[in-house]
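S.K.: Use these hints to put chain Y onto chain V, whose structure you have.
So the sequences go chain by chain: V and Y. Per this note's numbering, the first sequence starts with residue 226, numbered consecutively. Per this note's numbering, the second sequence starts with residue 9, numbered consecutively.
Possibly wrong hints are sitting among the right ones.
Under 10 Å between C-beta atoms, here's a sample of chain V residues computed to sit facing chain Y [said to hold, decoys possible]:
no.: 1; residue: A302
no.: 2; residue: E323
no.: 3; residue: A332
no.: 4; residue: R448
Just a sample of chain V residues kept apart from chain Y, beta carbon distances all over 12 Å, derived [to be verified]:
no.: 5; residue: D253
no.: 6; residue: A282
no.: 7; residue: R334
no.: 8; residue: G377
no.: 9; residue: E389
no.: 10; residue: E446
no.: 11; residue: L457
These are calculated hints, taken from the structure and not from any lab test. The structure displayed is predicted, hence computed values, not measured ones. Where is the CB? At the ideal position from N, CA and C, for every residue including glycine.
Given next are the chains, with one letter for each unit.
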Amino acid sequence: MAALLQVENLHTAYGLSKVLFGISAEIDAGECVVLLGRNGVGKSTTIKSIMGLLTPAQGRVVWKGQDITGWAPHRIARAGIGFVPEDRRVFPELSVWENLDIAARAARRPGHWTMDAVYDLFPQLASMRNRMGGYLSGGEQQMLTIARTLMGNPELLLLDEPSEGLAPLVVDMLLEKIGELKRGGLTILLAEQGLEFSLALADRVYVLEKGTVRHSGPSRELREDRALADRLLAL
Amino acid sequence: MELQFIFSQFLSGLTTAIFLFLIASGLSLVFGVLRVLNFAHGTFYMLGAYIAWQVVHWLSPSKEAFWPAALLAAGAIAVLGLLVERLMFRYLYDKEELYQLLFTYALVLILGDAAKIVWGTEQLSVTRPPVLEGSLRVMGTLIPEYNLFVMILGSAIAVGFWVILTRTGVGRMIRAAAMDREMLGALGANVGWLYTGVFVVSSFLAGLSGALVTPIKAIVPGMDVEIIVEAFIVVVIGGLGSFWGTFLGALIYGQVLSFGILIFPRFSIFSVFALMAVILIVRPWGLLGRPLR
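Next up, chain Y with everything else stripped away, as it sits in the complex:
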């Protein structure tokens, strides 16, 4: 294989990886802190995409509608997250996992159908914002500027996320809440609002990712379930609740998918599932995760 070809496959894997990281990191954070596996996280992503499309549609024919649309979509999903957490989610924290899963799955079904009622079942698409329409040639490979932008933004969010978690007071509180919620409350912290904050940030990221993906992928019903399965694989590989595990899992997923296509052209997803199966057997808690007590 030519080096240039390998490089272009690598870049395409990296783009996939960054999107997956943005989505899976929220899923992983909510699980790590709130201890709830939120199936509806993928639905938030899909709704972010639909809302972005809607705003672009309203603002058309403005060429620069994409940016306000992306921000509005992320903001709207953050508000949705706020309502879901304050009004519903918080009653689930001390319930059995089965109830939590059933509840979040119910949200997937209800919001998924609601999206079909509002936006129909046709494919929708959003064009790339004009400033990023071009392509750059890197090592002989053409890379769309938009993909490059997503890679940089995604990496910046990853670094920012990590800095907040490890270097700020609120980050220390979030990590403490993940370790011992009750003790943190007894020290005076309002853990309820801390949970709300974590959920809202995670929803914002899901909505933002949904909006950012629209110039690359068509918006279709079912993209919610597709992405949540992928995000699950990422966190299973990397370790649920582990920040760098999620990052590593997303990178591995992207590359395995990208190069797996060359080996099993018609079953590219197979290589990812095979990898997940191996990890589940050898290291069930994921590469950088840790065994549950």
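Same shape as in the complex, but just chain V:
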């Protein structure tokens, strides 16, 4: 059976500066795949190219056998790909409840994830449902963005650097929650710089460097061979 998502030879640029030079990757249903690499190697650009927020100059994005390259982001979201942006981007002047409500309305994909279900996953959000998004802490905003995307009942979750800029305790909590989502059967594509965070979740990794795939394989390899991991992630 073909992969759930296939990324074939993506070349993407911001104006004249090229960022991706032929990225290819695959994700099967139920997998957690990590795009690992330092800042500026093209992790976010890959995710945004999948989501339709950037249009690749070359290459294809294939979702369940259908070529979705060049689709508008809202069509891609409605097809079942959920996007959690790196800079969180909660709607600051909407309450927690309103942030979640519009996400459900926007995606129009009813399913397991309802308001109650995301409050169960993140009980903290339930206790601050009337607080404005802009008044939440970084960690709370990160929970809200994940919960918000879940409201669209995605089949694939694109998580762009969820641990960035958060306190270690909050990162541990997120790790646990994302692990819970994974065990619940959600397919996850995670962009991440942190090796420990990645290895704790990943089934497979793609190590990116300067817009290309430097290495790909099961995460077990990197877990067992730290020298290899160090070499791949060194500049």
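M.R.: Using the frame of chain V, we list chain Y on its own:
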């Protein structure tokens, strides 16, 4: 000054304010959500007035022609708004502000001239609908029933507007689109159609205001530019993109104009400009607006 006189000035200011609110709220909403300052908004208002006159003219001598005329005018301007947004405006959203302004200004010139070709340059007028021909005496002051009707309708639209924006799903989506269009799209919302909807509603209100003003003011070429300048002052005072700011700005504008006439009889508009200048210096983002990032 007598209390009764002050009250009648207050009421006349209030009538002005309600009209200005109906127009400026659309201007402000389109700016707040679409981030385009639509100069042609005043032109939509003027065309609403001309179309209302035209329909009344066609239906004459029917006495009750005003009501269908007002609705038809508002509907026609909504359709015009739909066409302008779908066919032209949407290509401007990611362009520089200068291009947006030039485009909407071009619309002002083209549609303004088109109106002159169709309706000429003579003053046109529409009589008050017979049901509202009379006047009511409130606190010793005679108020035309029609003005009272406009005040009530305008207030109802303001409240309705606010309820929709704050209490309904579509209102939440509109507010979210104003905050982060791209993110809302990535969550699955078709923001393009949301923009179209906002533009059409704003055009409808402009057309409706134009139709409603015809029993009070003569229809003349140039009323488009006059009203857009006034609407700009209102949103500058209140804060562009702020709903209650627009309401407050319109109230202040109406009262300052109404009482300014007593102080500077020949330069009543001066007091409004002076107020705007002070606000621009002290609080450039308007009374209830907020500084742009």
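S.K.: For each hint, tell me whether it holds in the structure or not.
M.R.: We went through each hint and held it up to the structure:
Taken as an interface hint, A302 of chain V checks out: its beta carbon lies about 4 Å from the nearest beta carbon of chain Y, inside 10 Å. A cut of 10 Å between beta carbons decides the hint on E323 of chain V: the least distance to chain Y is about 5 Å, and the hint holds. Contact between A332 of chain V and chain Y, as hinted, is supported at the beta carbon level, the nearest pair being about 3 Å apart and thus within 10 Å. At its closest, the beta carbon of R448 of chain V sits 32 Å from a beta carbon of chain Y; the interface hint therefore is violated under the 10 Å criterion.
Against chain Y, the non-interface label of D253 of chain V holds: every CB pair exceeds 12 Å, the least being about 24 Å. Interface exclusion of A282 of chain V from chain Y stands, the closest Cβ pair being 18 Å apart, more than 12 Å. At roughly 7 Å from the closest C-beta of chain Y, the C-beta of R334 of chain V falls inside 12 Å, breaking its exclusion from the interface. Distance check for G377 of chain V against chain Y: the nearest CB is about 6 Å away, which does not clear 12 Å, and the non-interface claim fails.
Once the 12 Å rule is applied to beta carbons, E389 of chain V is consistent with being away from chain Y; the minimum gap is 17 Å. No beta-carbon of chain Y comes within 12 Å of the beta-carbon of E446 of chain V; the shortest separation is about 33 Å. Non-interface call for L457 of chain V relative to chain Y: holds, since the shortest CB-CB distance, roughly 30 Å, exceeds 12 Å.
Violated hints for the displayed structure, listed by number in ascending order: 4, 7 and 8.
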